[in-house]
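Place chain B on chain A using the hints.
Spelled out from the first residue to the last, the chains are:
There are 2 protein chains.
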Amino acid sequence: MNLTAGLRKSASFRGGQTALVSGELRLTHAEVVDRISRLAASFRKLGVKPGERVAILATNGNHYIECYFAALWAGGIAVPVNSRFSIAEMVEQVRDAEPLLLVCDGAFLEQATQLMEACSSLVALVVTSGASGLPRAYDCEALIAESACCEDALRGGDDLACIFYTGGTTGKAKGVMLSHRNLWVNAIVTSMSFGFDETTIALHAGPLFHLGAGARVYTTSLMGGQHVVIPRFTPSDVLEAIARNKVTVATFVPTMLGMILQLPDLDSYDLSSLKLITYGASPMPEAVLCECLRRFPGIRFAQSYGMTELSPVATILQPEDHLSSAPRHRLRSAGRPIVSAEVRIADADDREVKPGEIGEIQVRGPMVMMGYWRQPELTAKALKGGWMHTGDSGYFDVDGYLYVSDRIKDMIITGGENVYSVEVENAVGSHPGVLQCAVVGIPHPKWGEAVHAVIVLRPGTSLSAAEISAHCRTIIADYKCPRSVEFRDDPLPLSSANKVNKELLRKPYWEGHARRVS
Amino acid sequence: MNLTAGLRKSASFRGGQTALVSGELRLTHAEVVDRISRLAASFRKLGVKPGERVAILATNGNHYIECYFAALWAGGIAVPVNSRFSIAEMVEQVRDAEPLLLVCDGAFLEQATQLMEACSSLVALVVTSGASGLPRAYDCEALIAESACCEDALRGGDDLACIFYTGGTTGKAKGVMLSHRNLWVNAIVTSMSFGFDETTIALHAGPLFHLGAGARVYTTSLMGGQHVVIPRFTPSDVLEAIARNKVTVATFVPTMLGMILQLPDLDSYDLSSLKLITYGASPMPEAVLCECLRRFPGIRFAQSYGMTELSPVATILQPEDHLSSAPRHRLRSAGRPIVSAEVRIADADDREVKPGEIGEIQVRGPMVMMGYWRQPELTAKALKGGWMHTGDSGYFDVDGYLYVSDRIKDMIITGGENVYSVEVENAVGSHPGVLQCAVVGIPHPKWGEAVHAVIVLRPGTSLSAAEISAHCRTIIADYKCPRSVEFRDDPLPLSSANKVNKELLRKPYWEGHARRVS
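Protein chains in written order, with this note's numbering: chain A, 1 to 518; chain B, 1 to 518.
Be a bit skeptical, because a hint or two may be false.
Copies of the same chain look alike in the list, so a pair counts if it works inside one copy or between any two.
When the alpha-carbon atoms are kept at most 20 Å apart in a straight line, the in silico EDC-like pairs for lysine to aspartate or glutamate are as follows [as the list claims (entries may be wrong)]:
hint, residue 1, residue 2
1, K384, D139
2, K507, D489
3, K275, E342
4, K384, E151
5, K381, D478
These are computed hints drawn from the structure, not numbers from a lab.
Given the structure is predicted, the values throughout are model-derived calculations rather than measurements.
Here chain A stands alone, though its shape is the one from the complex (with noise of 0.2 Å):
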């Protein structure tokens, strides 16, 4: 049970076979394999020992693929950094995680220098695109040429395979340990749920440092499928990478579709090889998953809802949930556990409510994460019971069909990016303008919902929305910053538990939406 396994049965059935396609380069799977033996050769002489973590701060490419894999075929871990956030989160990141490599390409230069600088555990850099001339940096090029291939460590089952960041209600972003046997059942349970073998061509179009994306990496290698990888998602590039490799299955969060869409010469592309889309991540507004499902009547759809602390689906809406001939509310449902996982709705004593109810949305499975990186409070409050406690809030009707109604942690999500309320409304507070301050999720057409701020101003101040978000830019990742301000004179209203009452906040925005039931 371990996420290399793809890797030798690939090459050992079918070697001369397309494995990767990245821009122009195409690699077959013996090719990847000889990379990816090599790779881990060098990374092993550079230190990594099994438990040892690499982390990876690149644009998406055969690269981060290769040092995914790299990482544990020499045994150890793989820290995928989040591009888009500012310095001082990558360095809070990556100190937190201590790792002893990482790996950036040429975009991210400039960070790689300061987190080398700001991150004592770093031991050296390995640069995949050309020599950087920065100390203790190595071209990765250079390093696969140099080395000769090494046996697998063949680490698997409960040892760590990953960490996957995700932001924190707190300000400070949490490390969720993956194990292969996590991310090994997520794959093969997936992949049988949405009939993946080793003629898919899978494209990965989504950030790779997200698990989203990520996670389809490990399925299709466990499968034998092909990686079609593009280096950010634009929706020409999509459509381009479709047609010319004959892409059979891509997966997209709901913005990304809602831009396809407006596409104007999105007939002229030739999708026919394309089988299946699946969507998740964040609310899909009806309207646009019903002009897909019009538009495209040739590819299934399926939304899978989880999140990276489940490795991370636990369930699916089907593709027959999408036709015209299911129930039609189907289509606001987030689907069925999958089989790997019992899915559960619990109230706040964690007892479980009956069909209709509303309460936690909890799962039980070989698929819940390890922990939280070395924090065993928090990860025990999460697991607590043994069960995972998504923070979500929803409800299963007589039929089995999960419905998420809202997400109790408080966190926007925007372009499949999750955003949590408290650390923008900290970044926001922090400006000695502001008196008071929420933030919530508005829905937009295209990101899902956006960052809004309702702010109370100090008496005599006076501020424009276009200062505080320069403000906010500071201090927090760009996405995070509020996309639209709400200035109030009265105080911000309070809930019977005197907490400000972000419902009524909300309210007038949300009338007439799906999903954000409250």
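Here is chain B on its own, set in the frame of chain A:
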């Protein structure tokens, strides 16, 4: 990753639907879980703690399946007893496993009485069909009625779930230790390969003390499907059960399929619900397979190859490979490795050989057994280097299809049962009139292989084949006794290693037959 997860999910989401059919009895998912949970509670009251064994000696039926799961729910380990064993063999197996409880049905009261006397670990006997009047005996239905439901012990992962006994080369049965993870992975991956889901209605026609049938029970349960169980295989009972219960999948050993084809009124049964027949456990005569494909054009066929030590499936020959459009020689193949298995062919020094070269079939992956119960040396030998040494020889073709060419371990598979030649040779050889003896498998139209003894008598002795068989039946199970005997005057031919050259003995019988390449 525990084998009882499917029970809870099915009770939650489809509690009112049929879960189990045994004769006239129909139980819903809610009823089955209720009964299992109560039975587990009574097992605990009788002393079953995590890690304790519960032996089962019974005819196929709902109780067999319920006890499988109740043992696990209680935290214990299920130990099916081969009901075809002689009493001496049963005593040996039960003494080896040291179970706390023995479950039996009315057909095995005599053996159970002897086992209770001979095996000091047994503290109680649970009888599934009425009070037995025996000491320390409990009526299973009374236990269920009297006990309240209990919480699942939630054993899982690498916890031992079952011990299945297979014939040993030295005449001593080996207990194959299978974990929850082993059987869970087999369930998920075979379901994925065969398309099982909650609409699956599986017929259990083979004996549940064998993993071939037993694993399908766990698979069906995890997928939320329905069990149909019949007490024993007869062709007409099988077809009637399929027709009456709209069975969608059945698994047979080739012998069974051969017998079904012989049925005069075969065409009178409504088999329209049956989508898939899987077969395996012994070489499939090509004539039988072709006749099946001709007679059942609406049913898909798939072969699985494996062994108890592999939980049990390692490779699958898919339905597509059975189509007339597929290369004809594929019908002689055991198919390709399942997604969870790494399969290689190795030479005597455990070095991988090239496609086309014959060597030992070795398997690595999460379905490989934990080991042989209390036999660390045998375990170390079988799992040397992390690979299960199957003892079967075979080769891969260039397309990655496995061909099983012989059984290195000198085992005969007759009617789905493993018979080790050495055990039979010991029994034959114990007759004072026998000077020399070798036992081989020879082709048999019904049983796949038949046990055949080649014997040299002591000078001046006269013995008939019937006398040899009668003698053997006092020592070993009936199905292990020679079906045919060949008397020779000259000493048996020897190989270069001075062992009896069994290839020479087999050769005249196997010429012109598939699979048994030598």
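Hints and how they fare:
1. K384 - D139: neither (45 Å within a copy, 39 Å between copies)
2. K507 - D489: Classified as within; 19 Å inside a copy, 98 Å across copies.
3. K275 - E342: For K275 and E342, the Cα distance exceeds 20 Å both inside one copy (28 Å) and across copies (28 Å).
4. K384 - E151: between (39 Å within a copy, 17 Å between copies)
5. K381 - D478: neither (30 Å within a copy, 59 Å between copies)
Taken one by one, the earlier hints fail for this structure at numbers 1, 3, 5, listed in ascending order.
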